[in-house]
Amino acid sequence: MSTFIEKQTVISGAGQSDIGRRLFRDPLELTLDACLAAIADAGLTTKDIDGVATYPGPMSIPPGFSGAGVVDVQDALRLELGWWSGGIEAPGQLGSVINACLAVAAGLATHVLCFRSVYEGSAQGTKGRASTMPGSGGGGSFRASGFMEWTLPFAAPSAAPWIALMAQRHFHEFGTTREQLGQIPLNARKNAALNPKAIYTDPMTMDDYLNVRMVSTPLSLYDCDVPCDGATAVIVSHVDTVADLAKPPIHVEAVGTALRGRPSWDQFDDLTTMANRDASAQLWGRTDLTPADVDLAEMYDGFSFIALTWLEAMGFCGHGEAGPFLEGGTNIARDSGVLPLNTHGGQLSAGRLHGYGFLHEACTQLWGEGGPRQVAGDPEVGVACAGGGPLAGALLLTTHR
Amino acid sequence: MADSPAPTADLPFRILPALTDLNREFWTAGTRGELRFLRCNACGYYNHPPTAVCPVCHSKDLAPSTVSGRATLHTYTINHQAWMPGPELPYVIGIVDIPEQADLRLTTNIVNCAHDDLVIGMPMRVTFEIHADGEDVIAIPLFEPDRTSA
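Residue numbers (our numbering), protein chains in the order written: chain U, 1 to 401; chain Z, 402 to 551.
Bear in mind the hints are in silico, worked out from the structure with no lab data behind them. There's no promise every hint is true.
Label pairs and their computed distance ranges (CB to CB) [stated by the list, open to error]:
#, chain 1, residue 1, chain 2, residue 2, range
1, Z, S469, U, G175, 28 to 34 Å
2, U, D335, Z, P456, 47 to 53 Å
3, Z, A503, U, A281, 20 to 26 Å
4, U, A40, Z, F414, 49 to 55 Å
5, Z, P456, U, S60, 28 to 34 Å
6, Z, T452, U, A40, 44 to 50 Å
We put the beta carbon where it would ideally sit given N, CA and C, even for glycine.
Next up, chain U with everything else stripped away, as it sits in the complex (with noise of 0.2 Å):
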C-alpha cells in the first residue's frame, strides 16, 4: 500500500481564528490570525512556506462564503510559493487539503499552507438567510440558469430542502426516525458544552429538538448548521521534514476524491446517499487500515443528514442502517462511544467553519490538544470528512505509520 503517494504528507500544524456568530472583523485579518497560527504550530516561519491551497477561492455571493482567495494571503504575508491553487471546483472543501497532499508528493511544494476563511454571520448581519439565496436582490428580471434552473422556479433555492429529499427517502427506505437523525444535533450540543469556540453551548434535549420549527421536513431549526465568522488552516508537510517540525507529525494514510454519479442534487442514483459513497470506497482502496480501526470521526454537518451518510459510506454501519446505529446516541458520544463523533461539536453547534473545522477537530484530538473533550486512549487513528450531496473528500489520519 505504500505506492499511494499521500502517504508521503503529513499534516505538520493546524490554527484557528477567533471564532463567533459575527465577529464584524475584517476576514482577511481572520483568515491571516488562523494561517499565521497553524504557521507556528508547525515550528515553521512563513519563509518555509511554498505552497498555498484553498477552498473555494474569492467568491462575493453567497456574501460571506469567502473570507480570502490564495493572492491575498500570498501578498498579505510575501509568501513565495512553488504551488498553489483555489477553487470551488474540487472533491469538497477537503479536497483543497487533498490537492496539497498531492503537490507536496509530487514536489511542487514541500509545506502548503491550506485555509478556508467564511464570514457568513456578519456578511448577513440582520437580514437572515433569505438574503443570501439567489435572486433575492435582483428584483423581477431575474432569471434562473445552471442547476438552480431546476430548483429555483420551484421555490427550492437552498440545500435545507434538497437535503429533506434525501433525508425523506431514507426515512422511507430504511425506518429512519426523527429521534434517530436528532442524536446527531443532541450529541454535537454535548461535545460543543466542552469547546470554548462553540457557538451554542446551552444543553439540548430530545424534546427540544424534536419541538423545535419545522424547516423542511423532516429537517427542523436544529438539523441545519450556523453561519458564523472564523478561520481555520492546516500545514500539509512532506513526510521527509518531520525532523524539523514542531511537533509529531500526523501522518495523511489515505484520501478519496471519487465523484462517479450524476452531480446533482437530485439526479444522483441513490438518494440515500451521496457521493460520499464513492470518496469513501475509494478511500478504504488506499490503506490496510478498516472502519474498525478508526478512534474517531469528525464528519461535516451541514445537516444533520448529511453526517448520517458519511456514517453509512465510511462503513461505519451499514448502508441503510445509520439509523439504529445512532439510536440513543451511544455509539457516537465522546465519552463512551465505539465512535466518537464531531467531538468539538460540529457545525451544528459550533459553526460551519465549512469542512476545515473537521480536520481541525481531528488532529487537535489526534496531537492529545482535546483538553476537557479530548477523547480518552490516546486515539491514534481518525477521520475528517467534509461535503454533501455531489461534494466529498475524506482523509484518513494516523499518528504514527
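Start from chain U and add chain Z according to the hints.
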C-alpha cells in the same frame, strides 16, 4: 389553448428560468399541455437536464419528445421556511420519477394534495402553471395526485 394560453389565476411569485435553445421546449411545451424532454434520436435516451450531446451514445441528433405526463412520487419535503417570495407556506417540494426512463427525474412542487395524503410512490400527473414575462410564456410543470390511475 394552443395559441394564447391564459396565465394561471392567482399566480405565486416564481423565479423563472432563462430560456435557451436547449431548454425552451421543456419550459414552454406546457402551454400546449405537453411535458417534453430532449431525447436522443439515435439511442432513445431522454437527456435531462438537456445538453447538446447525448451522454450515452454521444449523438448530436436530439429533439424534444413528449412523455405521458404521468409520474410517481420519489420523495417530498414540506417546506416551512420563507427562503424567497413564492407559494404560500408551507408548500411541498417533491422529486418525481418519470416512468418513460428509469433515471429520469424532476424536482417540482406537489400541488392539489393534502399534506397528510402524501405517500412516496403515489401516482402523480403533471399540471402546468402558466407565467407570462416579457415575450416569454413559460409553463412551470407541477405535479398533483393522479386519481385516475388504477
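Hint by hint, here is what the structure shows:
1. At roughly 32 Å, the beta carbons of S469 of chain Z and G175 of chain U sit within the given window of 28 to 34 Å.
2. Between D335 of chain U and P456 of chain Z the beta carbons are some 49 Å apart, a value that agrees with the proposed interval 47 to 53 Å.
3. Between A503 of chain Z and A281 of chain U the beta carbon distance is about 23 Å. The supplied range of 20 to 26 Å therefore holds.
4. Here the CB-CB span from A40 of chain U to F414 of chain Z is close to 52 Å, well matched to the stated 49 to 55 Å.
5. Between P456 of chain Z and S60 of chain U the beta carbon distance is about 33 Å. The supplied range of 28 to 34 Å therefore holds.
6. For the pair T452 of chain Z and A40 of chain U, the supplied restraint of 44 to 50 Å holds, since their beta-carbon distance comes to about 49 Å.
Taken one by one, the earlier hints all hold for this structure without exception.
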